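**Student:** Sequence:
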Amino acid sequence: MSRPSGGGVVNDVTRFLSTGAVPGSPTSSTPTGHVFSASSQADWAAKRLVWVPSEKHGFESASIREERGDEVEVELTDSQRKLTLSREEVQRMNPPRFSKVEDMADLTCLNEASVLHNLRERYYSGLIYTYSGLFCVVINPYKNLPIYTESIVEMYRGKKRHEMPPHIYAISEAAYRSMLQDREDQSILCTGESGAGKTENTKKVIQYLAHVASSHKTGTLGRNKEASQMDGSRSLPRGSSMVNRVSGLYPLLSSPLPFSSDSGGAPD
Numbered sequence: 001m002s003r004p005s006g007g008g009v010v011n012d013v014t015r016f017l018s019t020g021a022v023p024g025s026p027t028s029s030t031p032t033g034h035v036f037s038a039s040s041q042a043d044w045a046a047k048r049l050v051w052v053p054s055e056k057h058g059f060e061s062a063s064i065r066e067e068r069g070d071e072v073e074v075e076l077t078d079s080q081r082k083l084t085l086s087r088e089e090v091q092r093m094n095p096p097r098f099s100k101v102e103d104m105a106d107l108t109c110l111n112e113a114s115v116l117h118n119l120r121e122r123y124y125s126g127l128i129y130t131y132s133g134l135f136c137v138v139i140n141p142y143k144n145l146p147i148y149t150e151s152i153v154e155m156y157r158g159k160k161r162h163e164m165p166p167h168i169y170a171i172s173e174a175a176y177r178s179m180l181q182d183r184e185d186q187s188i189l190c191t192g193e194s195g196a197g198k199t200e201n202t203k204k205v206i207q208y209l210a211h212v213a214s215s216h217k218t219g220t221l222g223r224n225k226e227a228s229q230m231d232g233s234r235s236l237p238r239g240s241s242m243v244n245r246v247s248g249l250y251p252l253l254s255s256p257l258p259f260s261s262d263s264g265g266a267p268d
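In UniProt numbering, the protein residues as written are 1 to 268.
Treat the hints as calculated values from the structure; they're not laboratory data. The structure presented is a predicted model; accordingly, all values stated were derived computationally and were not measured. One or more of the hints may lead you astray.
[What the hints assert, rightly or not] Calculated lysine to aspartate or glutamate pairs in the EDC-like style (CA-CA distance at most 16 Å, straight line):
| id | residue 1 | residue 2 |
| --- | --- | --- |
| 1 | 159 | 184 |
| 2 | 82 | 103 |
| 3 | 47 | 88 |
| 4 | 56 | 73 |
| 5 | 47 | 70 |
| 6 | 47 | 66 |
| 7 | 47 | 75 |
| 8 | 143 | 154 |
| 9 | 143 | 200 |
| 10 | 56 | 78 |
| 11 | 47 | 73 |
| 12 | 82 | 60 |
| 13 | 160 | 200 |
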């Protein structure tokens with residue numbers, strides 16, 4: 001996968017978007033796209049690792065000990081407890097090289113347990129954006145992440161989706177470029193439950209489009225001059241007048257959490 005190179009802020013934010021490592025911290029030990037050793041691959045194959053139902057975690061890993069017709073005997077990885085389950089309850093586990101894959105359409109075993117595991121592993125690493133084919137899955141981090149700065153906007157400008165880590169900016173860039181090149185209307189649909197982050201991501205789309213469109217009008221020379229002078233780590237303004245005006249035109253963009261909701265996050 002082609003990724004931008006450079007120094008300073010660009011290196012830090014690229015590493016964060018790819019691995020979840022906070023800028024200035026040591027490199028994550030399990031980055032996206034890392035190469036596992038042959039021994040780990042062999043260990044995965046020898047143990048015949050699978051996912052089985054778990055009341056506490058939803059799914060947990062286990063190894064197949066014996067197969068008898070429609071039944072499978074497994075040994076849980078954590079507790080070494082043996083269980084006998086129907087074949088339908090056992091879901092195949094992906095090889096280690098697919099850990100934290102950026103596009104779940106690339107998974108060899110595309111089942112519920114593998115999808116949830118991949119999303120969870122990426123989320124715990126600070127990687128809230130994950131592609132699923134044409135879609136971009138976003139999990140609300142309930143905290144601020146340094147992934148919405150002007151320098152990151154510039155990193156996604158003019159890039160194809162596969163050239164950069166998953167991000168709402170990549171989706172926005174694809175729509176913006178298609179609008180300019182094909183001269184056709186574009187739509188970006190943000191769906192999810194209350195508190196999922198629909199409004200915040202809609203604002204990020206508006207911020208991105210406003211930034212690249214205004215820079216586009218100034219011309220390449222003016223943009224380069226401005227980019228050389230600005231602080232690349234500066235975040236785009238959350239409450240910019242344009243974002244507020246657009247959001248105000250469509251009250252349905254903001255859906256406050258129900259009074260009875262137990263979600264601890266901010267309204268989306």
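**Student:** Of the hints stated earlier, which fail here?
**Tutor:** Failing hints, ascending: 1, 2, 3, 4, 5, 8, 13.
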